[in-house]
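J.: Chain by chain, the residues run as shown.
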Amino acid sequence: MLHLLKIEWLKIKNYRAFWVFAILYLVSIFVVTYISWYVEQRTKSEIPQTAMILGDSFGFPKVWQTVGWLSSWLLYFPGMIIIMLMVNEFNFKTHRQNIIDGWSRQQFIGVKFALVIIFSLLITLINIITCLIFGSISYGHFSMDGTAYIFYIFIQALAYLFFALMLAVLFRRSGLAIIIFFLYGIIFEWLITALLTFNFHLSPAGYFLPLQASDVLIPIPFGKKVFYPDSPSSSILIIAVLAYITAYVFFARKKFLIDDL
Amino acid sequence: MSSVLSIDKITKFYGSIRALNEVSFNVQEGSVFGILGPNGSGKTTMLGIVMDILKASSGNYLWRGQPGSAPMRQQIGTLLETPNFYHYLSGEKNLRIAAEVKQKGQDEIEKVLHLVNLYQRKDSKFSTYSLGMKQRLAIASTLLGSPEILVFDEPTNGLDPAGIAEIRELIKELNRQGKTIIMASHILDEVEKVCTHVAIIQKGELKASGSVQDILDRKTVDETVFELAADDLVALQTIVQQMNGVLKTSLVDNYLQAVFANSVTATSVNQFCFEKGIVLSKLNIKRKSLETTFLEITGTKSER
Chain A
3 MLHLLKIEWL
13 KIKNYRAFWV
23 FAILYLVSIF
33 VVTYISWYVE
43 QRTKSEIPQT
53 AMILGDSFGF
63 PKVWQTVGWL
73 SSWLLYFPGM
83 IIIMLMVNEF
93 NFKTHRQNII
103 DGWSRQQFIG
113 VKFALVIIFS
123 LLITLINIIT
133 CLIFGSISYG
143 HFSMDGTAYI
153 FYIFIQALAY
163 LFFALMLAVL
173 FRRSGLAIII
183 FFLYGIIFEW
193 LITALLTFNF
203 HLSPAGYFLP
213 LQASDVLIPI
223 PFGKKVFYPD
233 SPSSSILIIA
243 VLAYITAYVF
253 FARKKFLIDD
263 L
Chain B
4 MSSVLSIDKI
14 TKFYGSIRAL
24 NEVSFNVQEG
34 SVFGILGPNG
44 SGKTTMLGIV
54 MDILKASSGN
64 YLWRGQPGSA
74 PMRQQIGTLL
84 ETPNFYHYLS
94 GEKNLRIAAE
104 VKQKGQDEIE
114 KVLHLVNLYQ
124 RKDSKFSTYS
134 LGMKQRLAIA
144 STLLGSPEIL
154 VFDEPTNGLD
164 PAGIAEIREL
174 IKELNRQGKT
184 IIMASHILDE
194 VEKVCTHVAI
204 IQKGELKASG
214 SVQDILDRKT
224 VDETVFELAA
234 DDLVALQTIV
244 QQMNGVLKTS
254 LVDNYLQAVF
264 ANSVTATSVN
274 QFCFEKGIVL
284 SKLNIKRKSL
294 ETTFLEITGT
304 KSER
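From first to last, the protein sequence lines stand for chains A and B.
Just so we're aligned: the first sequence equals residues 3 to 263 in the working numbering.
Just so we're aligned: the second sequence equals residues 4 to 307 in the working numbering.
Note that these hints are calculated values from the structure, not bench results.
Be careful, since some hints might not be right.
Chain B is nowhere near these chain A residues, computed Cβ spacing over 10 Å in every case [what the hints assert, rightly or not]:
id : residue
1  : PHE94
2  : ILE135
3  : ASP147
4  : TYR186
5  : LEU193
6  : ILE194
7  : ASP232
8  : SER237
With a Cα cut of at most 30 Å, we get these calculated DSBU-like pairs of lysine-lysine [to be verified]:
id : chain 1 : residue 1 : chain 2 : residue 2
9  : A       : LYS95     : B       : LYS206
10 : B       : LYS137    : A       : LYS95
11 : B       : LYS128    : A       : LYS256
12 : B       : LYS58     : A       : LYS8
13 : B       : LYS125    : A       : LYS95
14 : B       : LYS251    : A       : LYS95
15 : B       : LYS128    : A       : LYS15
16 : B       : LYS128    : A       : LYS8
17 : A       : LYS256    : B       : LYS210
18 : A       : LYS95     : B       : LYS114
19 : B       : LYS125    : A       : LYS15
20 : A       : LYS257    : B       : LYS12
21 : A       : LYS257    : B       : LYS206
22 : B       : LYS182    : A       : LYS95
23 : B       : LYS58     : B       : LYS210
24 : A       : LYS8      : B       : LYS125
25 : A       : LYS95     : B       : LYS12
26 : A       : LYS15     : B       : LYS114
27 : B       : LYS58     : A       : LYS95
28 : B       : LYS137    : A       : LYS8
29 : B       : LYS137    : A       : LYS15
Think of the CB as a built atom: it goes at the ideal place given N, C-alpha and C, for glycine as much as any other residue.
Starting from the given sequences, assemble the full structure and let the hints guide the process.
T.: The following block contains the structure:
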């Protein structure tokens, strides 16, 4: 596997779009977190009463959830990177060439799965660093409280990226896969969840949609009760997300192993 | 001689369209095996199946008596359909990836780049290459690790005449080194010049297979075609018609085409004309080419 990953690295390291999006993601996390932190500080200093509602979002242990929630909106960047890296292979027909040159189909799709896991680990690491920076400049002392969110952030990254990879394998076109990824994730899933929860009062059904399940795992730091009434427990959500990830892996793998390439 | 590749009744459907119908043939070690057929006849589909990027609907294939596998493919240099490389990487970096996948040493990259005259452009991005350069890079990639088996799909595609001659010479040279080459082509002339064996495919059906010589001889009739010319073509035609063994004569452009029984030789024709007072300015025995045979086998129309 290490040798396969080395070859993936050869493909990625000179790919400019990868670096553009990676840096964009990195910068965005810091900028978004900084702006939120700044706004919260200003609001609390100008209208002291709001401190009651807002609490201390950037102090330990709350910071894990806050940063996790903020950065979850940025997962579309690494998602797009995954889609582009996979669709590139289809466009250049290098998925054929790699197999012709002596990879098995299992190895080809397997190393893409490994890439998703590595990306998710890196995303988690970036989140941890951001949390430590903003946590240490806020009130509160570091403790193990709230660190479960680190695991949730990792699970959420896996859910988004495996979803993106599956779309790329199924549709083979970057435009189509990216549009579906964005439209579904940003618009349709929210609409469906809102309809199910507030119109038809079918909660918690709406929380079990593919990406939503991982979103609910890291709810908005204030007003959870308003946005996610009657949300299921974390352990049930984790099981749901893992079930989805298994399904993504299963479909992507099956499609790649059985079909003509 | 052992069999490098044996194909047994391979059938392939694309939806309801049958691209290959129970095609079987054997490629012997040390041969240059041409798969000949018009565009869309199933050549690339056939090669795609034996390289495991397409799945056969039914039938089997064996490489050196073994089912196809990834380690097996590492020992085969293959160019299939189009040069497939990362557009944003240089030629050299692309070859580096190919060498890693094949688990061959990096030291061969320079050598193969020289071999296809691409060394000067090795650091240019693949996307800036011309069609011919892309094709040459793909051929360079197949040569990494000097595999004993090479598969070329339309190897001279996109090359200029000099490039075509170079690649044909390269293929012959590789064959002289004892390598087995499987080559798909729609260019008869190419197959005739390069290959020792040929399989003719049309609309997914195997029409004929065997050594090029066998295929050529297969439908040979007992006649020889001569192309003759002299200052006075009409007089020449009259004289030639008096000769023993002449079957047919016809004036074509600026020469006379005469069909003789096989017993007639060039010497006897020349002597006969000279004795009748005509000096030939052209005397050419038209050898039956693979093209003629191909058209005989597949029918004259370009059926697809």
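J.: Against this structure, judge whether each hint is valid.
T.: Structure-based check of all given hints:
1. With a least CB separation of 6 Å from chain B, PHE94/A falls inside the 10 Å interface cut-off, contrary to its annotation.
2. Remark: the non-interface label on ILE135/A is consistent with the geometry, its nearest Cβ contact in chain B lying 34 Å away (cut-off 10 Å).
3. Interface exclusion of ASP147/A from chain B stands, the closest Cβ pair being 46 Å apart, more than 10 Å.
4. The claim that TYR186/A is not at the interface with chain B holds, since no C-beta of that chain comes within 10 Å of its own (minimum 29 Å).
5. Every C-beta of chain B lies more than 10 Å from that of LEU193/A, the closest at about 36 Å, which supports listing it as non-interface.
6. With 10 Å as the threshold on Cβ separation, the claim that ILE194/A sits away from chain B holds: the shortest Cβ distance comes to roughly 34 Å.
7. Distance check on ASP232/A: its Cβ is at least 48 Å (rounded) from any Cβ of chain B, clearing the 10 Å threshold; non-interface status holds.
8. Here SER237/A stays apart from chain B, with its beta-carbon at least about 40 Å from theirs, past the 10 Å limit.
9. At most 30 Å may separate the alpha-carbon atoms for a hinted pair to count; LYS95/A and LYS206/B meet this at roughly 25 Å.
10. Only pairs whose Cα atoms come within 30 Å are accepted, and LYS137/B paired with LYS95/A is accepted, the gap being roughly 14 Å.
11. With a C-alpha separation of about 34 Å, the suggested pair LYS128/B and LYS256/A falls outside the 30 Å cut-off, and the hint is violated.
12. As the CA atoms of LYS58/B and LYS8/A are separated by approximately 29 Å, the hinted pair is consistent with the 30 Å bound.
13. The hinted pair formed by LYS125/B and LYS95/A meets the criterion: a straight-line CA distance of about 21 Å does not exceed 30 Å.
14. Distance hint between LYS251/B and LYS95/A is unfulfilled; the C-alpha atoms sit about 54 Å from each other, more than 30 Å.
15. Restraint check for LYS128/B and LYS15/A: the C-alpha separation of about 14 Å stays at or below 30 Å, so the hint holds.
16. Between the alpha carbons of LYS128/B and LYS8/A the distance comes to roughly 21 Å, so the proposed pair stays at or under 30 Å and holds.
17. Proximity of LYS256/A to LYS210/B is assessed by CA-CA distance (about 36 Å); at most 30 Å being required, the pair is judged violated.
18. Straight-line distance between C-alpha atoms of LYS95/A and LYS114/B comes to about 25 Å, which keeps the hinted pair within the 30 Å bound.
19. Taken as a hint, the LYS125/B and LYS15/A pair is honoured in the structure, with Cα atoms around 18 Å apart against an allowance of 30 Å.
20. The hinted pair formed by LYS257/A and LYS12/B meets the criterion: a straight-line CA distance of about 26 Å does not exceed 30 Å.
21. Between LYS257/A and LYS206/B, the direct Cα distance comes to roughly 28 Å. Compliance with the 30 Å bound is thereby established for this hinted pair.
22. For the hint pairing LYS182/B with LYS95/A, the CA-to-CA distance comes to about 27 Å; that is within 30 Å, so the pair holds.
23. Restraint check for LYS58/B and LYS210/B: the C-alpha separation of about 23 Å stays at or below 30 Å, so the hint holds.
24. Proposed proximity of LYS8/A and LYS125/B is supported: the alpha carbons are some 21 Å apart, at most 30 Å.
25. Distance restraint check for LYS95/A and LYS12/B: the Cα-Cα separation of roughly 28 Å lies within the 30 Å cut-off, and the hinted pair is therefore satisfied.
26. Note on LYS15/A and LYS114/B: the hinted pairing holds, with a Cα-Cα distance of about 25 Å set against a maximum of 30 Å.
27. With a CA separation close to 17 Å, the supplied pair LYS58/B and LYS95/A stays within the 30 Å bound.
28. Our distance criterion of 30 Å between C-alpha atoms is met by LYS137/B and LYS8/A, whose separation comes to about 25 Å.
29. Proposed proximity of LYS137/B and LYS15/A is supported: the alpha carbons are some 22 Å apart, at most 30 Å.
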